[in-house]
Amino acid sequence: NAGVTQTPKFQVLKTGQSMTLQCAQDMNHNSMYWYRQDPGMGLRLIYYSASEGTTDKGEVPNGYNVSRLNKREFSLRLESAAPSQTSVYFCASSERAAKNIQYFGAGTRLSVL
Amino acid sequence: SQQGEEDPQALSIQEGENATMNCSYKTSINNLQWYRQNSGRGLVHLILIRSNEREKHSGRLRVTLDTSKKSSSLLITASRAADTASYFCAPHLRGGRGGSRLTFGEGTQLTVNP
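Chains E and R are the protein sequences, given in the same order.
The numbering of the first sequence is my numbering, which starts it at 1 and goes up by one.
The numbering of the second sequence is my numbering, which starts it at 1001 and goes up by one.
No lab work stands behind these hints: they were computed from the structure.
Certain hints may be false.
Derived Cβ-Cβ restraints for the label pairs, each shown as a range [unchecked claim]:
id	chain 1	residue 1	chain 2	residue 2	range
1	R	Gly1059	E	Pro39	26 to 32 Å
2	R	Val1044	E	Glu52	23 to 29 Å
3	E	Thr86	R	His1045	24 to 30 Å
4	R	Gly1016	E	Thr20	22 to 28 Å
5	R	Lys1056	E	Pro39	26 to 32 Å
6	R	Val1044	E	Pro39	28 to 34 Å
7	R	Ser1058	E	Gly3	18 to 24 Å
8	E	Pro61	R	Pro1114	40 to 46 Å
9	E	Asn62	R	Arg1054	38 to 44 Å
10	R	Val1044	E	Asn30	17 to 23 Å
11	R	Asn1018	E	Ala82	21 to 27 Å
Short, incomplete list of chain E residues facing chain R, as computed with Cβ under 8 Å [what the hints assert, rightly or not]:
id	residue
12	Gly42
13	Tyr64
14	Phe90
15	Asn100
16	Gly107
Nothing here was measured: the structure is a model prediction, and the numbers come from that model.
Don't be surprised by glycine CBs; every beta carbon is placed ideally from N, CA and C.
Generate coordinates for the entire structure from the input sequences, incorporating the hints supplied.
Spelled out as structure tokens, the structure:
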């Protein structure tokens, strides 16, 4: 039982390059989330998926797209990376329950040069 | 905008002492959660307190909630060096389309010195 798995763990991109961050959970959770964590800014929600087939914008969605591929997988795509997207990205999942306890992956550390 | 705001930003104590961290938030909540993050790792859920509860305990953790003041506190008793980490409060906001959402602040960096 791996929980929430993110790949890759580290990535360096040049400005303008694109990439997809992958996230998969094996807990049969309905809801999945993408956050970014920056010094002095805390965790900010980029996009979330309340259930398979739905996605919604969070606090900082500009420059990102997401795909809820199936119940297990939720990917985050940077179409044209910018230095401002240098950050640590976390994926999380939760049951569709009122208390919404979230389980986090280990993170992807992304640098955009 | 961030809802959970932790105070202090950093706290340094000796092993065996108690550590208290505070959290303030702005709107009505379903519950409030506390998470811990070790350096270079993802967040881990510690404890949840519902909006109709005032205090909750889990091992060495004690959480209080005052909805009239929109504030919460996390107390770690008899701290250990292994408690060194960042601690985040996460108010679970009422309403909103689709799934429920947590909001996180910048966290309190706790250092427990041996």
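Right, here's what the structure says about each hint:
Here the CB-CB span from glycine 1059 (chain R) to proline 39 (chain E) is close to 30 Å, well matched to the stated 26 to 32 Å. For the pair valine 1044 (chain R) and glutamate 52 (chain E), the supplied restraint of 23 to 29 Å holds, since their beta-carbon distance comes to about 25 Å. Taking 24 to 30 Å as the suggested C-beta distance range, the pair threonine 86 (chain E) and histidine 1045 (chain R) conforms, at roughly 27 Å. Distance hint check: the CB atoms of glycine 1016 (chain R) and threonine 20 (chain E) are about 47 Å apart, inconsistent with the given range 22 to 28 Å.
In this structure, lysine 1056 (chain R) and proline 39 (chain E) meet the distance hint of 26 to 32 Å, their C-beta atoms being roughly 31 Å apart. Taking 28 to 34 Å as the suggested C-beta distance range, the pair valine 1044 (chain R) and proline 39 (chain E) does not conform, at roughly 20 Å. Take serine 1058 (chain R) and glycine 3 (chain E): their Cβ atoms lie about 20 Å apart, and the range 18 to 24 Å holds. Between proline 61 (chain E) and proline 1114 (chain R) the beta carbon distance is about 43 Å. The supplied range of 40 to 46 Å therefore holds.
Under the hint 38 to 44 Å, the C-beta atoms of asparagine 62 (chain E) and arginine 1054 (chain R), about 40 Å apart, fit the expected range. Look at valine 1044 (chain R) against asparagine 30 (chain E): about 21 Å separates their beta carbons, and that is inside 17 to 23 Å. Range check, asparagine 1018 (chain R) to alanine 82 (chain E): Cβ separation about 44 Å, and the 21 to 27 Å hint is violated. Checking glycine 42 (chain E) against chain R by beta carbon gives a least distance of about 4 Å; that is within 8 Å, so the hint holds.
Nearest Cβ of chain R to the Cβ of tyrosine 64 (chain E): about 17 Å, over the 8 Å cut. The hint is violated. For phenylalanine 90 (chain E), the interface hint holds, since its Cβ comes within 8 Å of a Cβ in chain R; the closest pair sits about 6 Å apart. The criterion of a C-beta within 8 Å of any C-beta in chain R is met by asparagine 100 (chain E), whose closest approach is roughly 4 Å, and the hint holds. Interface hint at glycine 107 (chain E): satisfied, since its Cβ lies 6 Å from the closest Cβ of chain R, which is below the 8 Å cut-off.
Hint check: violations occur at hints 4, 6, 11, 13; the rest are consistent with the structure.
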